[in-house]
Structures are given as structure tokens and as C-alpha cells.
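S.K.: In the order they appear, the protein sequences are chains A and B. When the letters of the first sequence are read in order and numbered with my numbering, they come out as residues 884 to 1050. When the letters of the second sequence are read in order and numbered with my numbering, they come out as residues 1418 to 2177.
No lab work stands behind these hints, which were simulated from the structure alone. In this text, all values refer to a predicted model and were calculated from it rather than measured experimentally. Ideal Cβ placement from N, Cα and C applies to all residues, glycine included. Treat the hints with caution; some may be incorrect.
As the list claims (entries may be wrong) - Now the in silico label distances, taken between C-beta atoms and shown as ranges:
| no. | chain 1 | residue 1 | chain 2 | residue 2 | range |
| --- | --- | --- | --- | --- | --- |
| 1 | A | Pro1001 | B | Pro1550 | 52 to 62 Å |
| 2 | B | Glu2043 | A | Thr943 | 45 to 55 Å |
| 3 | A | Gly965 | B | Leu1929 | 43 to 53 Å |
| 4 | B | Pro1497 | A | Pro1001 | 40 to 50 Å |
| 5 | B | Gln2010 | A | Pro901 | 36 to 46 Å |
| 6 | B | Asp1932 | A | Pro1001 | 41 to 51 Å |
| 7 | A | Gln948 | B | Glu1562 | 49 to 59 Å |
| 8 | B | Asp1856 | A | Pro901 | 16 to 26 Å |
| 9 | A | Gln948 | B | Gln2010 | 14 to 24 Å |
Said to hold, decoys possible - Covered stretches of chain B, going by a simulated chain A footprint (3 or more residues, C-beta under 8 Å):
| no. | region |
| --- | --- |
| 10 | 1437 to 1446 |
| 11 | 2094 to 2104 |
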Amino acid sequence: MQVSITVNGQQRTDEVEPRLLLAHYLRETCGLTATNIGCDSTSCGACTVVVDGLSVKSCTVLAAQADGAQVTTLEGLAGSDGELHPVQAAFRAEHGLQCGFCTSGMVMAAIGVLADNPDPTDREVREGLEGNLCRCTGYHNIVRAVRTAAQAGPAAGQVPQAQEVVQ
Amino acid sequence: MSILGTRVVRTEDPLFLTRGAVYTDDLTDERLTGALHVTFVRSQVAHGRILSVDTSAALEAPGVVAVVTATDLTDLAPIPAGFPFVDKAVIRPWLASDVVRFVGELIAVVLTEDRYQGEDAAEMVVVDIDPLPAVVGTQAAARDEVLLFPDVGTNVYAAFGEPAPEDFFAGCEVVVSQRIVNQRVAPVPLETRAAAAVWGEDGRVTIWCSNQGAQAAKMEIASWLGLDPSLVHLITPAVGGGFGAKIGADPEFALIAQVAKIVGRPVRWSESRSENLVGMLHGRAQDQVVTIGGRRDGTVEAYSLVVDQDAGAYPRLGVVLPTLTMLMAGGVYAFAKVHAQARVLGTNTTSIGAYRGAGRPEATAAVERAVDLFAAELGMDPADVRRKNVIPAFDSPHTTSMGATYDTGNYAAALDKALEAAGYADLRAEQARRREAGDVRQLGIGLSVYVEITGAGGEAGAASENATVEVHPDGTATVLTGTSPHGQGHATAWAMIASDQLGIPLEKITVLHGDTDLIPRGGGTMGSRSLQQGGAAVHQAAGELVELAKKRAAEKLEANPEDLVVDQGLAGLAVRGTPGVGITFAELAADEQLLVQTTFSANGPTFPFGAHVVVVEVDVESGKTEVVRLIAVDDAGTILNPLLADGQRHGGFAQGVAQALLEEVLYDSDGNPTTSTLADYPFISATELPSFELVEMATPTPMNPLGAKGIGEAGTIGSTPATQNAVIDAVAHLGVRHIDMPTTPMRVFRAIQQAQQGGN
């Protein structure tokens, strides 16, 4: 079947199998491999992307379901001049990543958390990221990074292409 | 001012944060164009005799190019146990055709044009297995009623040490004994295993795989496949976590190479999480008996640890983990007598390997639990019992009765720092108040004081590592290392070390690893060895490069080499006392290649230590635990980059709390895994942890010029028993004296009920 999906601001049309997962569409059809797959039970959140303003786990969405949607992945966050999104910058400043495998999903989920709650407490960040697993950081610096990113204001809870993001 | 010891953000992060690093499954290398996808058919029976493997339907399925079974691999010798003390009859087939010995054992390899076709076709391979009784757990294994290898005559793969003398505890006023389960856990790096392989026309195979040390993985694969090592080129792409489970090579990696040869095309594989949870090595899995005896004043006189290590079906690193447990059995204590003994038993389960700490957390968990049991029996404060028994501060080597030579240590100081930061007296007062009031949420305060061994192994098994430093004519530098970062930040850390000596800024230094053609030798990253050996090797290489540069510059500048000093601002050499006269390393490199390759050999392993205090609230009506504080002193000697060191600590704490409270790999009595997805395996999440309170302490080691000890595993080693002890402490006043890990709400609830009914 054919799908038309706007990925990181660029519209594209592809022929896909009806059962193709959005995660595999992004990775293999679009070649956007920042989105990782860490489980097969919607548990780990490594594949989190933003679809029409919602942060979703792309392993649990069919590419067909995203037909007509706007999808933002990690690759679509930084400005064209290379300027990092506030959440990206905060993850670096606070050492919110180690092996980096959960990072793409964690950053996208954090944007969702901040869209929903621009100034969360530690506890609220932890609850907001409960569906995103990390084995390296013990979450300590991820929580700090999200709190730091919040200081950047509303931009921290937005993706480019002026999408409004809600959790 | 030196960059060493300062908080430097990682140079590798911008890639991770903008495009993502290239992990094995992300590879777009042109040599892999047209690669077939591998899907493994694995046993769904724990123990049984294979009657037939029918691939006919699968071969007809869309996209299927080949289905490889045992009959296609008859020219490969089976995988040997790999340990000289294990019976030679304990061998592992590449693909099972006779007997299967665990759920997840490999039976067939399906090769398809695309990934989804592979999943479809794998389900069409019909495997008929006649089940045999399964051996689950070390107690069943020790009975030897059902044997994994009947020819061997026993399930005991190895035994270490002797029983304690009968009079070992004679004269002790108090003796306490406890059976303790250090449960099986799953390492769960977020990136599952993945590999790709292609054969060149020159007869060499290039293998990409997710691992913790390319050079060792290469040698293992070459040995298994009967290839001259020069024919194997192994490349380590970005690796999404390892935690010990990616040490060496797995049989799957070698099979990928072998099937690529059979089909004459490149192949690639990336496993699903449910495959990973049965196929990748598990960790821990020890059944222990501790016995501790001493005087009523709190002095421990004798301590015994007896271990039954579950090895899983086939011997992997788990076979030798108890030797580390035994070595570290006595921990930080000056017990007059320490005894340790272990057996290693085969069971019809996934094999056991290294997991963060690998044998040492099991030692610490046992002794820290034992000390608490002893303190509880005497009615003494566990902090007082620890103070009374720790080895006094030492700054010259201290050899224990188990034969470990600790480098430097000050355990009482670590404990006191942790207690002070925690506000221990206030916590005990609050605990007393809640006990008095009969609060539903009781406070538990758990302690641990630990010492562990790091940097015990390395390149070629010795405590050594190599490094190459080259300065280029454009002023940039390249560092080649035999370590294998997968989250630890070596690209930043090794660049800091080189920059500190050469004055070349971090952004001009590239650190490369994990390509066996480029870096033929290397010990990889494991056992908390990287900084103390690999970092020290970079330090040595950069230092030697300066000396080489001095010799060359002396001629050019018409100066004595002894009068030349590194000018950091210049990134070169200047003549002492003669401002304005100097030459850059880049200029010297333009004349002649400026490169040093060297091997650093440490004086020996190092013994980081520390003390943790964990504070929990336990709901005595539901049994649910909340960790409210975790205070940690982790002394890893001199710190190179506190940002990275603290990150290692944080991750370690989380994995320790996870084992203490939540995580456990479970099998039913038939050997069926019941925790084989992340929906079933309770991987710790952000909501189940507090932010951590870190206390600094740094006692340098003389074992390497950086003064550094290992920090990768320490956090796990300290936090696991501190958390377990805290949970038990919270309900101790109700009569509970021990709860095995994981201290789930059900276990806590039952322990309270049993204690109130008069037994525990």
C-alpha cells in the first residue's frame, strides 16, 4: 500500500507492506536510524517519536496508521544551523546519555513531558519518563537534563515545524 | 591548569543527540548491500531429544534463500567448554540436532531477503522434540538424577576450595547461618545483540558485531571456526550497552560468519528482545550459605561462604565467577578466619556470564548480609559491628587470608563519611519514632561497606593495555586504544589524557577503537579496567611521544633535549628560559611521522572501595518498598573526569537497587522462562529510583601513574546489599531477619506474616 508521511518536515510517498511498523519505516525506508528498537512489547520507549504532536512509541504504530501524519524524529530536532534543541543541549550538558541507545527515544519523550508540563518537578519527570528505559544512567542525569531543558522555556516542549506537542 | 580532574562534557555526544550513533543494525556499509537477514529457530523446550527438524515448508515461504541446520555444519567442530577444568565431554553444538539443553538453544538458521519474511519462515520450521525432565536450579542439578551430559556422570562442571574444618567456628560465642539466594538477573543492555558478516574474495571475513572487545571476540570466533586469525577482520560499531554480557563472542556471531560463507552473500542479524532474554547470557545466579561467628562484643572471628553457582546449560564465564566471589569473600573485614568454597552446576537454563561486578557483588552481598545478621543476633547497631571489624586504614599493600592483595584502603573513613552525609543518628531516631508509633510506612536504613577487585585482567590476560598516539601535520592527533567504550566516554577521556600532555585541544583529537585491522591487540572494556590500563597506556604513549619529539626538536632548535619543555599553548616544545623559541608537534610531524605505540603494564589490580547508605520506606501492610535516599561514598582513586565517573556510579546504583528490589529471571519447573519479554521482566524504571547523593573520597593507587582505580562496577556492588539490608531493617522490629532478593512486596509481606506467626 501507499503512504504519504511528512517526516521531519519533508513529505514523502512510499509503497509499504500493510504490516510495516512505523519504527521500521523510519529506520529502513527513510534511513533515519536514530530511532532505535529495544524491545518487542512496547516497554522500553527507545523508538519514541513525535506523531502529529503526540510522543508515541513507533514500534506500536503501523506506517499505514501514520499515513497523512507529521512525524518528527531525533534527526529533525536541531536547527538547520546545527543549533541543538534545548532538550538535546541539556542532555549533553548534564551527561544524560552514556551508550546512547535509549537517547533518541528519551529525548523525544522528554519533549512530550515538557509539552505537557513546562516546569516539572523531579518526581513529575520520573513519572513522565516511566515508559522509557535506560540501563546506563540510573536516570539521575536524565532527570536533571529535563529539568535543565525546562529552563529554556516553551521551546523545550516543542518540535520544529511548529507542531504543538502534547503527551 | 590541567584538564585532568575537571568536568568535561563528552565530545561524542553531538552525534548521539542529532543523528544517533551507528549501531550494528544501523550499518549501511556498501559491503552489506543485498545482505540476507538471519532469523534463528530456537528450542522452545528446556531439555529434550530432537526427533526431527522439518524445514520443507519454510523453504517454500516467500523470500527464503536457505535454511541451515546441523547437517550443513558438519565440518565445524562443536564448541568446547573453554575451561581446562571442565570435562571435555561438555560441548555445545552449533545447531542442536540430538539433545536441546535450554529454551533458546539454536536449532536452525533461516536466511531471507527481508526481516519480516524471516519471522514468518522461522515459524514454519517444524521441530519435534521428545521432552526430558528439566534440571532447574542448583539443588536439582546437585542431585544428579537428571544429567545434562550423561557421559560426564554429574552436573557439577567445576568445584573450587575445600569444606571448612569441623572446628572452624569452635570457641565462637555466637554463630549465625543463613541460606541466601543471589538471584539470576538479565543484563538487558538496551541494544540487543546484532551482527553482520561478509566474505571477501581474498578469503577474509569481515564481521561487525556488538561486543565489549573486538580483539578477544575475533580470536574466539577464529578459534571456533578453525580459521587463522589473520583471516578475520572484526569491527565493533557503536554498542548500546554491555554490562558484561557482551564480553567475548557469542556462538551466534560465528554462525553469522559461517552462514554467510554457505550462501555466498553478506548476512546480518539483530535479535528481538524476547530472543535476547533467552539467548543472551544471564548474570549472578548463586545459591549461598553464609555462616558467621564471633564474640558478643561484636568481634567476628570466623566467616564461611559456600556457593553453588548455576552455570546454565553450557559453560561460559559464569563457570569462573565463583572464584572471584571466593577471592573477595572477606570483603573489607579483618576477620581472623575466612573460608570459601564453591561448586558450579549445569542446569537446563540460559548460560550464566558476567554481569556488572561479575562475582564480586555476590561476595559483597553475602558478607554484608552476614554482618547484618550477626549484628541483629547481638542486638548491636550494624554500623558499630562494621567499625569494629573493618581492616584499619592502610596505604601499603594488605594481603587477605583469601590471597587478595588490596592496594590502598580506608574503609572506616568511607563508612563514617557515608553515615555523616546520611545523618545516621537522625535516621535511627526517626526509625524509632515510627516503630513506636506503629506507622504503616516504616523506615529502613541499610548499610554496606565494600571493596572490589578491578583491572585484574587485560590484554592477553595480563594487567596491561596498548595505545597509539599520533600527531598529524595539520595539528590534529589520533589515539588508538585497545579498550572498547560502549557508554563509558573513552573518546572524551582518552583525549583529555593526550591533550593534557600535548597541549592539543580536545576537539582536534580523535580516539579510535574496535577495528582489529587497525588495532590488532587490545583487552576491551570489562572488569572496570579501562582507565587504569587503557587510559594509563594513552598517558604513557603521549609521554613517550613528547620524548621522541624532544629528540627531534633538539636538533632543529639547536638545544639540549633536557632544556625542552612542552608548551601547552603552542601544542609543541619550547626552550626553557628562551621565550619565543619553539616548534609545534605538527611541524615535527610534517618532517617525519610522529607516532608512538606502547604497552602499559599495571603494577597489579586495584581495589576500589566505599560505603553506601540506603534509606527505604516499607509499607508493612502491602510489603511495598520505596527507596527514598541512596547516599554513596565510592573511592576509585584519582578521578579523571567527575562527570563520567559519577555517571558510572549512577548507573551502577540503579542496577544494584534493581537486583535488590525488582529484577529476577524466572523459570517454571519444566525450564520454561516466564520473564522473556520486557513486559514480564521488571526492568527498573525512573519512578522506582530516587536521585542519588554522592559523597566524594579519593585515595590514589600506586598501581598506575593516573592513580585511578575502576569505577564501572562499584556502584552496583555497594548498592545491592545496602538496599536489601534496608528493606530487612525496615521490618526487623516485626521479627524478620532475612528476605531474599528481589525483596518484592509479596516476599516482604510474607516475611512479616511468617515472623508474626513465629518463624522466618
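S.K.: Broken hints, numbered, in rising order?
M.R.: Per hint list: 2, 3, 4, 5, 8, 9 violated.
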